[in-house]
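J.: These are the residues of each chain, in order.
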Amino acid sequence: MIEFSIIPLFTWLVSLLAVPAILLFRKRPDAREGITFLAAFLKLGMIFMMLPLIREGKILHFKFGEILPGIPIEFRVDGLGMLFALVASSLWILTTLYAVGYMRGLKEHDQTRFFACFAISLSATIGVAFAGNLLTLYIFYEILSLSTYPLVTHHGDKAARTGGRTYLSHLLGTSVAFVLPAMIYCYWKSGADINFTDGAFLDGKIGSSDGLIVLLAFTLGFAKSGLMPFHSWLPNAMVAPTPVSALLHAVAVVKVGVFCVLRVFTGVFGTDFLQKLDVGTVITYIAAFTIIVSSLIALTQDNLKRRLAFSTIGQLAYIVLGVSFLSSNGVTGSMMHIAMHAFGKITLFFCAGAIFVASGKKYISQMVGLGRQMPITMIAFLIGSLSIIGLPPFGGAWSKWYLFLGALDADQTAMAIVLVISSLLNIAYLLPIPVNALFRSPPQKGKKGSDAGIKEAPLACLIPLCITALAGLIFFLFPGLGFELAELITK
Amino acid sequence: MDPIIANFIEENIVPKFNYWIYVILMMIGLYAMITKNNLIKKLIGMAIFQTAIILFYVSIGVKEAGGIPIISHHGSEHHQEAGAHSEAGSENLKHNIIDKDKYANPLPHVLMLTAIVVGVSTLGLALAISQRIHKSFGTLEEDEILNKLRPGGHD
Amino acid sequence: MKLFGLIAVFIVGVLLLSATQDFPSWGNPRSAASDGEVSSFYIEKTEAVTKVPNMVTAVLADFRGYDTMFETVVIFIAGIGIIAVLRNFEGSDSSIDYDNDDNGAGLLARFTCSLILPFIQIFALYVVAHGHHSPGGGFQGGVMLGASYILLALAFGLSKAKRIFSERRTMIFAAVGIFIYVGWGVLCLLLGGEFLNYSVLDSILPGDAMMARSYSMLVVEIGVAFTVTAIMFSMYSNLSTRGRLSKGL
Amino acid sequence: MTEHFPILILLVPLFGALIVVLLGRERPEQCWVTSLVSLGISSIISLFTIIIVLSDKVQTIRYRMGGWEPEANGYEVGIELRVDILAALVVFAVTFVGFVNTIYSKTRAEAEVQGKVSFFYALIQLLIVGLCGIVMTNDAFNLYVLIEITSLTSYALIAMGNRRAALSSFNYVIMGTIGASFYLLGVGYLYIKTGTLNIDDIRMVLGNNDLWEHQSIIVAFIFIMLGVWTKMAFFPLHGWLPNAYAYAPSMTGTFMAPLMTKVMVYVMIRVMVWLFGWDFVYSDQHVWRELVIWMAVIAIVAGSLLALARTDIKKMLTYLIIAEVGYMVGGAWLGNVTGQAGAFYHILSDAAMTFCLFIAASIIVLRVGDSRVSAFDGLFRKMPLTMIGFTVGALSMIGLPPTCGFFSKWYLISGGMKAGQWEYVCALIFSSLVNAIIFFRIFERAYFGKIAGVKEDLSPSDSDANPDTGIKEVPWSMLVPLFIASGSVLLLGIMNRTLFEWIQTALEVMNT
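Protein chains in written order, with the numbering used here: chain W, 1 to 491; chain P, 492 to 646; chain Z, 647 to 895; chain B, 896 to 1407.
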């Protein structure tokens, strides 16, 4: 049921072709933003075109041409790829809308470069989502690292420089040091066949000791997933403007990392082969360790964006944890969590950006009682954090529930307890922010009027954050699509 | 002298003394090239080094009874037929069979003509370069040149 | 540095000598090199194939003519290399200011040189021409011819020698020499044979294919002589005056 | 006429050099045109040679000089050229780089070599003749003569630079002569034992009389290797390279850096594969295979670290060349065909990379006037086109996918894994990381400009036009070669599969 189709190529090309157009219209910002929106909508449209085919279980396949003996550059769209592409392209539209408001609000410089790099990184994300083999995945992974570098170092000041340096040294360093040799090892061991077929090419061709080393190399190599030893690039990348942080933490970069780890588990090794090798437990412990430690650090962070960064590290570790259970529920839970966390976390970042645009406040301690001036933002923040914590009325509940089931299936009771504790920690570091803002009155210190003048962020920032907040709610009511796509992978 | 050493010398060194000579000559040249401080002495070492190799090649082509590799069979023997047994020599030539052992091996001589030319060219070019160095540094002693360069840093 | 030099030299020496144990003894006619197919072919067949009794010249100019072509190019490179390195045409001392009092090495030397110079040059040309029959050839003759010009420069002063053999003319001489050599090879190419395959020239040269080879060798030797003479003299004039061509030694 | 192509590739630049010398000093313009035309024709002919060698599966063209057919028992008497796909590719690389470099040296020759332009072009063309000869000849002694031609021309070309170039050229003379003489010695030892000079015949005689175990053959192999390693600046013997290429005139450096060491690596591979054969070189009782791989690992690590320590741009690039030589030697000695083919492919890709980086570096050093790394401050704004070229070369040096550097690392690493040489694989990874640090340090400077303390006031205006700070782009005649070079880096990357398969089949044929 592998079907040849040209659509994946067009979806990838759309945002790439937007780049020259953006550079062309750099003198006229409105036209330039229009092109970005057009590209975003076209991309989403094409993905929706592919959706029915995927739901029937078909796998769309497009091959460029052999770039290495035996390995072509090829796109292969399956359930996992489709889910991630859906999340990425839909959020791209909202992030663009938000970015236009944010950039215009703060009159940022070099906006053309910003939007051009934005478009390139999105096309790279789609490239990773649709990658048909390890090499294509690696190529787009590297292009993504390079194209997001100008975004992270947008302000061009000292802090941006150091942030950019850690960003690149971590992402590029780990990918060249771990992923490249591991990939070549697979290329050699599997006899020049590293395509993500259903049967997972390394099945039975590798011993358990080599298997563990290769699995560790891949999991730690894809440092974008923010697992503990190589996570420090994430908080340091907070120097970037907020739409970029939103892009980094919800839509593109971190999700690509976790997506690659999922691909490695399902496409390279195959969950049942890993059970035979029982090497999954090492990854489980790393993920659990990351969850607990990052949540604790998040508690101590006063800067809102850094706290959200550490919370992202924790949430991503959930997804890796889910996969490492090697049970179908676990995999479903992690795939659902990709979507849920994307929408929840992007809401929080939009709120953080809106607060910064409207009031210039960055630190949580300053935000007590801000809800009076910015009620909508704070409510959205509340909804977003509830969804991430995983309380029922919001989408996050489903994914946490399936993760919990996955833990029990793999009779990892210790991990189930870790899930519970970490959810409590989530509540501890997320809920106080909206609660203080909405229900406590601002401190009565002398400068009475300091908060009074603040109004809501410009409309262009508010609309996207409301939509994403509501999306959390809708997903809770209609999770069917997510489960279907997950179903395709785990059967 | 101890019979073993005598035997070794008798058996190994005496019949192959040409190889020993060229190696010793070559090592002198190599030593001079590596350790001498003055640039011109290095070049002298280089010349010795190359000459030793030329000696080695030419010594390959030697044959005990072999004369110069020019076939001389014109009637008027204006130079003495190589070897005393001229009768056998001229008899051979009548029906044009050339006795291989009477002529030295020409190939090494050809190769060494080239090696000599290469040696001359390298030496000429190296002398020109050393004159250039002398013109700009004022000295040909390597340590003085390096001192002149070091404080100057990157000139 | 000295110690390092000694150790390196010692190691290389021992390594070289270690190989001599399975070398043929000196002068042994049955050694692989002397008794080998290739050299015995040269000895037995050159007279028959190329009508050139001097095997060395035959191998030099015909069998391994390609080697000798590059050998001439090496000499040519040395010549222009020295000029390229030493001479600076832009700098202050670029104009060739001949010292006018450079009248060479005094009357007696000039007189004797004027007597013996012609004989040197004739003998040099003889050596070039008779490279086939007696030891000699392009290189040896060329060097002698070059030496005669150096003698001229020593005796009569570089300025006079430079007037006869100016720098421009040396370059033309050197280039023409290689032109002759390579041009002759290309001529064979044009007539259908491989590069430097003289036997193809029998259509335009008197006599059969073998004689064509013999004549071609002579032409090639002349080309070599041209280049070697010019470069020898140019080397001398540049090196002795450190590139200023002002005053001979 | 097509069967004469191998020799025509050589003759055209040879005639070009002679014409240039005859044109003389007064007409530098015609000299440039002559050398451009001659190198252009030569690269076109070499392109056709590739097509011929590939097309009718003729595999190798054997061209006997002087028409001397081997007599009855098959011994070559004259000298022959042997051009197979490997030789054809390298010859095309040599002539093409020469051609593009001549375009580059149009403006620079007059300024840097005052008045000796004709000699410069003559020497460059003769250097190309030497390199093409080395690649195609099948005669051991002829190879020595051609090595000497390339060495002599490069001594002279380097010595035309400033006074430091003269000193480094002198060191190069000494080291080069030792190397060439060791090679000659090795050939002499082989000649004594086999009596012939043709590479195939030597192999045949060594095989027939089973001379492999003789001490003299082992010593001959060691000395040929020592000689070739000195000429290619393999790590312990690399002393001459950094100063020679850094201080030579800019257009000499851009020509010699990509080619000299690579052609010598080609010679090493040919000697190992053709002359001595697989079972002699990689046999287990010789300990040298492990030793050489460890030397290659040291070369890679030392080359990368020394490059990291350098502040002078060109010096840094020369140390990277030394590290790349370590890649190729290690790859060739791994003991499997993938390693050899990877090393060979790296010859082509490294030539393209180094050529691109050296042109960009000399343009920047020329325009900014300061050869230290600080010259890169804010260059992305001031000289965007040059920086794009530099970035392509740098990404390829780091080994990122679309460029050829990635694919050559891919083949070398997979070869290393097959041979079980994990230290070689780690050295390659380590060197990629160090390259990443080196080049991203430069990108950071170029991207941020003068950040130390003073925040560069990026114009708030939306456009990112570069503020006019007196540094403008170089004339087109220097940018075109840079783009051709960076284009070839990308092209080699995309075409690597076909290239690799050609090389692999050719090597398999040769190794049997």
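Quick caveat, the hints were computed from the structure, so don't treat them as lab data. A portion of the hints provided could be inaccurate.
For the chain Z half of the interface with chain B, some residues (derived, Cβ under 8 angstroms), not all of them [unchecked claim]:
(1) Glu683
(2) Asp708
(3) Phe765
(4) Phe769
(5) Ile824
(6) Val828
(7) Gly839
Below, a list of computed lysine-lysine pairs in the BS3-like style, where the Cα atoms sit at most 30 angstroms apart [what the hints assert, rightly or not]:
(8) Lys527/P <-> Lys1210/B
(9) Lys27/W <-> Lys1367/B
(10) Lys591/P <-> Lys697/Z
(11) Lys593/P <-> Lys648/Z
(12) Lys63/W <-> Lys1313/B
(13) Lys361/W <-> Lys455/W
(14) Lys639/P <-> Lys648/Z
(15) Lys1313/B <-> Lys626/P
(16) Lys626/P <-> Lys648/Z
(17) Lys1313/B <-> Lys189/W
(18) Lys1210/B <-> Lys639/P
(19) Lys691/Z <-> Lys626/P
(20) Lys1367/B <-> Lys158/W
(21) Lys691/Z <-> Lys593/P
(22) Lys1313/B <-> Lys205/W
Built from N, CA and C at the ideal position, the CB exists for glycine as well.
J.: Which of the numbered hints above does this structure break?
T.: 3, 4, 11, 15, 19
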